[in-house]
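Engineer: Sequence:
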Amino acid sequence: MKIIQADRETLLRPLQAITGIVERRHTLPILSNVLLERKHGKLGFIATDLEVQVTTEIPCNTEGEAISATVSARKLYDILRALPDGEKVTIDASDRKLQVKTTSSKFNLQTLSAEDFPRMAEASDSINVLTAKQHQLKTLLASVQYAMAQQDIRYYLNGMLMIADSDALIAVATDGHRLALNKLNHNTGTARQEVILPRKAVIELVKLLADSDDEVTIGLTEKQVKFKFSDIQLTSKVVDGKFPDYTRVIPTQNKNRIALSRMDLQRALQRAAILANEKFRGVRLMLTKDQLSIVCSNNEHEEAQEELIIDYSGEPLDIGFNITYLLDVLNSRATENIECALGDANSSALITEPGNGDFQYVVMPMRI
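Take 175 as the starting number for the sequence shown in the numbering used here and just add one per residue.
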């Protein structure tokens, strides 16, 4: 039974949107599949990892009864990607097989029952709905995502805290060693609500959201968050846990303040990082009058040293950091200058931007 006939590009686009969710190796084989579902003149593509679900659809002019099948998302994507541009593709479904045909190629793929595909249930509790421009939400999430933990036993850190307040949308991420916070000032028109988005949901949203003024609708419930934009819907469970009080770790008493060119500091750290210890990734920042020295060394007794001329008249300071944590924030920002507020060698540093009170980055020191 013919599911659809369409250009290669028409079929490839929705698959590109959903493949990031698909697990290549999973204890449930069906989670490696995409659900194809034709009904009401549309062909839907659905993928899930049980925590996050992405749905998208394209117009389908193939007549007939509703039909659905699941097939390996990666194999179907790789086949379509390998076909020539502009190729006409026909997808047929038969008993336990899906056939992909062109004028000169034919691929028979194994399918699994569509009835066994684990769709994410719709949340039944009350929904808080707000909207934002796609590029605004993309920028907000990208500005903190690198600070999320990876596979931490404190599972609530393996994600991002999103706070919808009446006048702002706030994103916070921390792995216990550094914290990134940014705010989108926006009249959301909603009561304050906090949710923790899983790591994968945040990463996929940053990839899928466009750099455009088109709107994204965000539906918040206690157990689920739904993002609708363009022809894509991403639904995510929320992490059940208590996010730490981020306001307590933002230093307010750091008196040693320096202003720096972001690019100058970024390039100096990149050069110094070449000789950083691969395991500990430590860098020493040494402040003296009107000078910042950056020093990295490793187990082979190799050393890199960079000097930056700055405006500084405070007390001399020698403090260590993880160089990757510093480069992450510098790589994620586009501002020309940054400001850094330092305490003593045992105090966290606060990195901000001139004239921007919405973005804050806190990084803990390390002994070197």
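The set of hints was computed from the structure by calculation and includes no laboratory data. Among the hints, erroneous ones may be present.
As the list claims (entries may be wrong) - 35 Å max Cα-Cα, derived DSBU-like pairs, lysine-lysine: (1) Lys411 to Lys216; (2) Lys357 to Lys429; (3) Lys402 to Lys357; (4) Lys397 to Lys307; (5) Lys249 to Lys216; (6) Lys411 to Lys374; (7) Lys381 to Lys411; (8) Lys307 to Lys463; (9) Lys429 to Lys453; (10) Lys381 to Lys400; (11) Lys374 to Lys271; (12) Lys262 to Lys402; (13) Lys453 to Lys213; (14) Lys280 to Lys262; (15) Lys429 to Lys463; (16) Lys400 to Lys262; (17) Lys280 to Lys381; (18) Lys429 to Lys271.
Computed from a prediction, not measured in an experiment: that's the story for all the values here.
Engineer: Could you grab the alpha-carbon distance between Lys453 and Lys213 and see if it respects the 35 Å cut-off?
Structural biologist: Distance ~54 Å between Lys453 and Lys213 Cα, so the pair is violated.
Engineer: Given the proposed pairing of Lys280 with Lys262, does the C-alpha separation stay at or below 35 Å?
Structural biologist: Judged against 35 Å, a Cα distance of about 12 Å means the pair holds.
Engineer: Need the status of pair Lys357, Lys429: alpha-carbon distance at most 35 Å?
Structural biologist: holds, 24 Å
Engineer: Would the hint linking Lys429 and Lys271 be met if the CA-CA limit is 35 Å?
Structural biologist: Status violated; Cα separation ~68 Å.
Engineer: Take a quick look at whether Lys374 and Lys271 sit within 35 Å of each other, Cα to Cα.
Structural biologist: Distance ~31 Å between Lys374 and Lys271 Cα, so the pair holds.
Engineer: Does the alpha-carbon distance linking Lys402 and Lys357 stay inside the 35 Å limit?
Structural biologist: Since the Cα atoms of Lys402 and Lys357 sit roughly 21 Å apart, the hinted pair holds (cutoff 35 Å).
Engineer: Given the hinted pair Lys429 and Lys453, is their Cα-Cα distance within 35 Å?
Structural biologist: holds, 31 Å
Engineer: Does Lys262 lie within 35 Å of Lys400 when you go C-alpha to C-alpha?
Structural biologist: holds, 34 Å
Engineer: Please verify whether Lys249 and Lys216 have alpha carbons no more than 35 Å apart.
Structural biologist: OK: Lys249 and Lys216 at ~22 Å, within 35 Å.
Engineer: Keeping to a limit of 35 Å between CA atoms, is the pair of Lys307 and Lys463 held or broken?
Structural biologist: Measuring from Cα to Cα gives roughly 45 Å; hence the hint is violated.
Engineer: Can you confirm whether the C-alpha distance between Lys411 and Lys216 stays at or below 35 Å?
Structural biologist: holds, 26 Å
Engineer: Has the given pair, Lys429 with Lys463, been kept, meaning a C-alpha gap of at most 35 Å?
Structural biologist: holds, 15 Å
Of the numbered hints listed earlier, those contradicted by the structure are 8, 13 and 18.
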